[in-house]
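Novice: One-letter residues, chain by chain:
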Amino acid sequence: MTPHLTVDLFSDVEQLLAYRFMVNALEAASVVAVMAAVVGWFMVLRRETFAGHTLSMMSFPGAAAAALAGLPLAAGYFAFCGAGAVMIAGAAQGGGAARQAERSAVIGAVGAGSLALGYLLLSLYGGVLESLESLLFGSILGVTSGEVEMLALVAVAVLAFLAVAGRPLFFASVDGPLARASRVPVRALSVAFLLVLGLAVAATVQITGVLLVFALLVAPAGIARELTSRIGVSLLLSVVVGLLIAWVGLGLSYFTNYSPGFFATTAAMVLFTLARAARSLPERRGRREAPVPEASL
Amino acid sequence: MAISGFLANALLAGSCIAVASGLIGWFVVLRSQVFAGDALSHVAFTGALAAAAAGLDLRAGLFAATIVVALLLGVLGERARADDVTIGIVFVWTLGLGVLFLDLFNTGSGASDGTIAARTLFGSIFGLGSGEAELAALIAAGTVLALLAIGRPLLFASIDAPAAAAVRVPVRALGLVFLVLVGVVAAEATQAVGALLLLGLLAAPAGAAHRLTASPYRGMALAVAIALASTWAGLGLSYEIAGLPPGSAVIGVAVAFYALTIAI
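Chains A and E, in that order, give the protein sequences.
Just so we're aligned, residue 0 is where the first sequence starts under numbering that gives the first Met the number 0, counting upward by one.
Just so we're aligned, residue 0 is where the second sequence starts under numbering that gives the first Met the number 0, counting upward by one.
Honestly, the hints are just simulated from the structure, not real lab data.
Check the hints yourself; a few may be wrong.
[What the hints assert, rightly or not] Stretches of chain A that chain E covers, calculated by requiring three or more beta carbons in the stretch to come under 8 Å of a beta carbon on chain E:
hint	region
1	38 to 50
2	110 to 124
3	132 to 139
4	213 to 221
5	259 to 268
Computed from a predicted model, the values in this text were never measured in an experiment.
Glycine included, C-beta positions come from ideal geometry on N, C-alpha and C.
Given only the sequences and the hints, what does the whole structure look like? Please build it.
Specialist: In structure tokens:
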């Protein structure tokens, strides 16, 4: 049976769920999309998108090293992202007065360096030509039920952390000095968040591939930010958009045989453009809404 | 000693690209535009694959894509410095487009051996012909000249934009021209170290130079010197050691150099 996209949504969904691999892929992508949307929302709020980007780059040598050592790829993802998060947290704390320019140069160099290392390891492994594309750009094939469970476990852990620490984290992100004055452990929260971000990125990478993490991590929050300034609504919207991007990506890929990454990122771009246009309309009429408060630099 | 063939081509192209990357990288770091440079580097990948899918010369796609996106970034961001979220979304979408072109190329050619992806992402400097190497050298030289021509006002605008604007330095136009030059260098460097690694060639030597000296002209010279040394060392290592990809070697040396300057 070859799948055909029809106007009948029920028949489309029925076709989508006809194969086990597709059900697994959808489950995994949904779990990851929800988690990434929530973590990404905080990441955008805290202006740490570059850290998220670097962490995803670091997952690449992790996967290659795991392949070389004969370990499951997930082990490499989590180990390298965790180590990366610790490094970034350390770098951010070490040079307290380090200029922003300097910091971004470090992050850029680390990103390129880890990709170079990953490519070297993959060359040594000898599997370059086959696995390169799916590692970098994701693949809907080959998500096992066990992996879905593992991803769900990670998502629950990450969301539980944010449920507990979300309020003080928000406070600390929006107004660090004031939060510190009212005894919120700002520094500890910032380190903990980077670790959670590392965990979330390591899980997301397994679905989107190393290079397309932002489709689920940044785009939902970026789109939600354009549309509303209310915190709860914005978070919820972010999750909905994340799920939409994941489903559109997988669904269209299934029906067309092109990579899910293309459809997911295109959905993200289209939604972002629409959201921006929607926001700029009332602004032009002079009814300027306050944007979501952002962490001060 | 005469160095012949592919190594000579690689050295010629690599050296010129290193000079251009080191110099422009110094400004990129100064202006905190590393993220924009990153986005451009990924766009290079999409451009090259679009050209491949259409059956054109990879370089036509490379340059067209990076220059167009540089202009787009300059216009989309409120000031010529786009914010992280906008860049992130544009950047992931262009990569997504690249994946589509990769699919199209693979189905078109019937052979999905993945070499084209590896070549554009991680470079293939040892695969350059002599004509290609000479062209790369010429373009790199042109970029360096253009950058030197706008160097002084650009420096002023980068360090103190309001003051520069007050004395009628065209800050916005300079920012746009600068982004376009970064786009050209990104396309160039893609041929040497690949789309994914060229950020290392932009950021690492420049970052090291910024750490070592605060003086602008000494900093620029230092960034160029480090980029050159990394390229030569990387090419040499990869020539001697089988299995070591040249792009990885060049970036490895550059990043190691940067790490060293941070350690001391």
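Novice: The structure should be examined with respect to each hint, and the outcome stated for every one.
Specialist: Comparing the hints with the structure gives:
| no. | hint | in the structure |
| --- | --- | --- |
| 1 | 38 to 50 | holds (count 4) |
| 2 | 110 to 124 | holds (count 10) |
| 3 | 132 to 139 | holds (count 3) |
| 4 | 213 to 221 | holds (count 6) |
| 5 | 259 to 268 | holds (count 8) |
The structure agrees with every numbered hint stated previously.
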